[in-house]
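There are 2 protein chains.
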Amino acid sequence: MNALKGNILYVEPNGDLIIHPNSFLHYDENGILGIFDNALNCEEIEDWGNRLILPSFADMHLHAPQYTMLGMGLDLPLLDWLKTYTFPAEARFKDPEFARPIYRKLALELIGNGTTKISMFSSLHFESTLVLMEEMEKAGLVGFVGKVNMDRNGSEELHESTEESIENTKKWILSCDKFKHIKPILTPRFTPSCTDELMGWLGEVARQTKLPIQSHLSENEAEVQTVKNLHPDCSQYWQTYQKYGLWNERTLMAHCVQSSDDELLAIKKSGVTVVHCPSSNINLFSGFAQVRHMLDLGVKVVLGSDIAGGNHLCMFDNIASAIRVSKARTIIEGPKTQFLTTEEAFFLATGASSSFFGEELPFHQGAPLHAIVLDDALLPNTKELSLKERFQRAIYRRQKDAIMAVYGNNKRLK
Amino acid sequence: MNALKGNILYVEPNGDLIIHPNSFLHYDENGILGIFDNALNCEEIEDWGNRLILPSFADMHLHAPQYTMLGMGLDLPLLDWLKTYTFPAEARFKDPEFARPIYRKLALELIGNGTTKISMFSSLHFESTLVLMEEMEKAGLVGFVGKVNMDRNGSEELHESTEESIENTKKWILSCDKFKHIKPILTPRFTPSCTDELMGWLGEVARQTKLPIQSHLSENEAEVQTVKNLHPDCSQYWQTYQKYGLWNERTLMAHCVQSSDDELLAIKKSGVTVVHCPSSNINLFSGFAQVRHMLDLGVKVVLGSDIAGGNHLCMFDNIASAIRVSKARTIIEGPKTQFLTTEEAFFLATGASSSFFGEELPFHQGAPLHAIVLDDALLPNTKELSLKERFQRAIYRRQKDAIMAVYGNNKRLK
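As given, the protein sequences belong to chains A and B, one line each in that order. Using the working numbering, the first residue of the first sequence is number 19, and each one after it goes up by one. Using the working numbering, the first residue of the second sequence is number 19, and each one after it goes up by one.
Bound-form chain A, shown alone (with noise of 0.2 Å):
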């Protein structure tokens, strides 16, 4: 049995920040085994003084391949963007042998920002994605990667025949039991992307294994212009997923930007998660998602980078965007409208996710260690800050080499 000591703070789903100073949380290889005031019975204890001990982030929608185009082509309209960088982009990784510097660099940098849990997209090349599944399994994280399933509506360097997508994904889903910490999440790009001869073999195939899914819901509305005209018996976007059985509590819908109360409430109702992903919303002029509004309605709501719509790997920017974004809301619709306070926005990329992994919420009995240590001690002050004013800061600040130590899976991994 293990300790760390330290001001140990998380937020539980209300969005109360508990707060234990001067403790120790212990744990072993199985996890936590609870927060205490002394380290009877522990072996190692690394004492992290005055630091803050935080849970780590979990960033539940990014596409690995896009790594590469971080921050570039923003000022390009969607579509423009997809073929000036998205799609060459991605087209690269056809090679493992590209793609694997290329990942491992992934990993060590989304450690080094505290992240420690994902759900991913790959591109469409399935040697590849095991090869994305190796590095991050290998660098310590955990959660899901998808093989991206596009039969249709991609471009000549970045296509896959029906045939070759269901081919393909049968060989990725069979290489996968090697994998103990990184897991297959069936992964078609959308529904503009895919034929609904692929769509009805992949719900056949979530209804067989079982597997999670995560794609994009009525991110923009071209978007969903476009799936109303490719399924006109769909009244509503979320429909082209639930009718082929790719919509139950195992799944994860990026955006929902421009979702009806409708959809919300088929979201709610279905159990299936949605990602916020606050800094693309902005960044590709899609909208605000109203996140206040889904929470009120009981939608469960994660948080995700969406590098490259988004354009920072670092989930402190990313709470503080999703922060903004609610406030976007508050200014458009006036107060009534409550903006994401610090703590709900920074429950959103930690315990959120929780019962998507079928964990228990951070720093509760049982669950896996995944934990950030924060470093403060250099920022200047007026007076003492109590811990909650300088967990606020911590997030808001992201001051550079703050974080001193970063713990996934019961191991500590920086």
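Heads up, some of the hints might be wrong.
Treat identical chains as interchangeable: a pair holds within one or across any two.
Claimed, not checked - Below 20 Å or equal to it, Euclidean Cα-Cα: the simulated SDA-like pairs (lysine to any residue) are:
hint: 1; residue 1: 318; residue 2: 427
hint: 2; residue 1: 354; residue 2: 311
hint: 3; residue 1: 418; residue 2: 396
hint: 4; residue 1: 406; residue 2: 211
hint: 5; residue 1: 123; residue 2: 402
hint: 6; residue 1: 123; residue 2: 418
hint: 7; residue 1: 432; residue 2: 130
hint: 8; residue 1: 123; residue 2: 398
hint: 9; residue 1: 188; residue 2: 229
hint: 10; residue 1: 432; residue 2: 417
hint: 11; residue 1: 401; residue 2: 102
hint: 12; residue 1: 156; residue 2: 229
hint: 13; residue 1: 432; residue 2: 419
hint: 14; residue 1: 418; residue 2: 126
hint: 15; residue 1: 418; residue 2: 130
hint: 16; residue 1: 261; residue 2: 278
hint: 17; residue 1: 401; residue 2: 105
hint: 18; residue 1: 406; residue 2: 93
hint: 19; residue 1: 418; residue 2: 393
No lab work stands behind these hints, which were simulated from the structure alone.
Knowing the structure of chain A, use the given hints to seat chain B on it.
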């Protein structure tokens, strides 16, 4: 004569990115001599290889004492935020020895982030204001610092009488002769903070000394209403500065989020410069300043971090924020409102303030050398990038330790 060698890039007032690949920026102690393809007659050459050499940043609105509360209290309504954080923090700067190490740290952090030109609010304390000027000048920054005037609507701990304000402002101005690169700027906090008598006196000083002026204008609705009540004779907020002689081509006005077209036209006509503070626009949910519209009208616009209403000193963040605020307006108003390009937003943080400083545009002959060197060699690629792509990525990516060197006023500062 010295030279910097590398890829030299800057943006012109029309938003064009000017690129000199693998070139030599010649300069001496009087400023820039030109950009050439050789280093003839240069004594010292710093070879930055394939790195990017860009103009450094001007942060044209920030509150130095609020550096100590950066990132705190942003869940509070404006008035509570002022009472709980801002006023108590500023009050601590009564003690110049308390102020000195904090202002020294601020100067270092500004330079570390590539900011070499500033226009700053101090607190109301004239001795600490002189300390602030000393520390900024010693670190190598150039620009303006103002002792704040506020003889009403402060707090018990942060208040000066009209007489004190006048006396201390006199003493402060008389002590400023010793500074070479940091100059005094008249700084009525904003109309609600200053009695008519004080405003009148400041206007008279402005007339006699030709000192520049900085203040706040039309930030949020409640403030605009307060000003209306205080000055029933003024139909618009800007007139409360104009009627006292605090409104001319040497005036910086922060925010202007709520400004009507009439106010914007008055700004244009009188040559006042708007300081756009995009991060604080959203953090304090003031609204989304209509920068595109201002530029279309011919209004001069520069950029400010507005710490601690803004939460980042780093101007890369504030440039990206400016783009996001302009995209927020595109989301709301539709594509007829063109968002700022990366180049346009970069110009706001660099060349846009040159005329206020009475200088040539950055990297033009005769301008003082203010530059940063950016390394992007470790970022992953799928193809060879153009210098324009590398420029855009450098802005959005803000990668750790990217800034290799900083030059201010013809000297290397980092």
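Evaluation of the provided hints:
For a Cα distance limit of 20 Å, the shortest separation of residue 318 from residue 427 qualifies neither inside one copy, at 23 Å, nor across copies, at 53 Å. In this assembly of identical chains, residue 354 and residue 311 lie within 20 Å of each other by CA distance solely inside one copy; the values are 11 Å within and 29 Å between copies. For the homomeric pair residue 418 and residue 396, the shortest alpha-carbon distances inside one copy (11 Å) and between copies (18 Å) are both at most 20 Å. In this homomeric assembly, residue 406 and residue 211 never come within 20 Å of each other (Cα to Cα): the closest approach is 45 Å inside a single copy and 31 Å across copies.
In this assembly of identical chains, the alpha carbons of residue 123 and residue 402 lie at most 20 Å apart only when taken from different copies (18 Å versus 39 Å within one copy). Taking the closest pair of Cα atoms, residue 123 and residue 418 come within 20 Å of each other both inside a single copy (19 Å) and across two copies (14 Å). In this assembly of identical chains, the alpha carbons of residue 432 and residue 130 lie at most 20 Å apart only when taken from the same copy (7 Å versus 25 Å across copies). In this assembly of identical chains, the alpha carbons of residue 123 and residue 398 lie at most 20 Å apart only when taken from different copies (8 Å versus 33 Å within one copy).
For a Cα distance limit of 20 Å, the shortest separation of residue 188 from residue 229 inside one copy, 13 Å, qualifies, whereas the shortest one across copies, 74 Å, does not. Both within a single protomer and between protomers do residue 432 and residue 417 lie at most 20 Å apart by alpha-carbon distance, with minima of 17 Å and 19 Å respectively. For the homomeric pair residue 401 and residue 102, the shortest alpha-carbon distance between copies (12 Å) is at most 20 Å, but the shortest distance inside one copy (51 Å) is not. In this homomeric assembly, residue 156 and residue 229 never come within 20 Å of each other (Cα to Cα): the closest approach is 22 Å inside a single copy and 62 Å across copies.
Proximity of residue 432 to residue 419 under the C-alpha cut-off of 20 Å is found in both arrangements, the shortest distances being 12 Å within a copy and 18 Å between copies. Taking the shortest alpha-carbon separations for residue 418 and residue 126, both the intra-copy value of 16 Å and the inter-copy value of 13 Å come in at or below 20 Å. In this homomeric assembly, residue 418 and residue 130 come within 20 Å of each other (Cα to Cα) both inside a single copy, at 11 Å, and across copies, at 11 Å. For the identical chains of this complex, residue 261 and residue 278 are intra-copy neighbours only, at 18 Å inside a copy versus 51 Å across copies, given an alpha-carbon limit of 20 Å.
In the homo-oligomer, the alpha carbons of residue 401 and residue 105 lie at most 20 Å apart only across protomers (13 Å), although the nearest pairing inside one protomer, at 52 Å, exceeds that limit. Taking CA atoms no more than 20 Å apart as the test, residue 406 paired with residue 93 passes between copies only; the shortest distance there is 12 Å, against 38 Å inside one copy. In the homo-oligomer, the alpha carbons of residue 418 and residue 393 lie at most 20 Å apart both inside one protomer (10 Å) and across protomers (17 Å), since each shortest distance falls under that limit.
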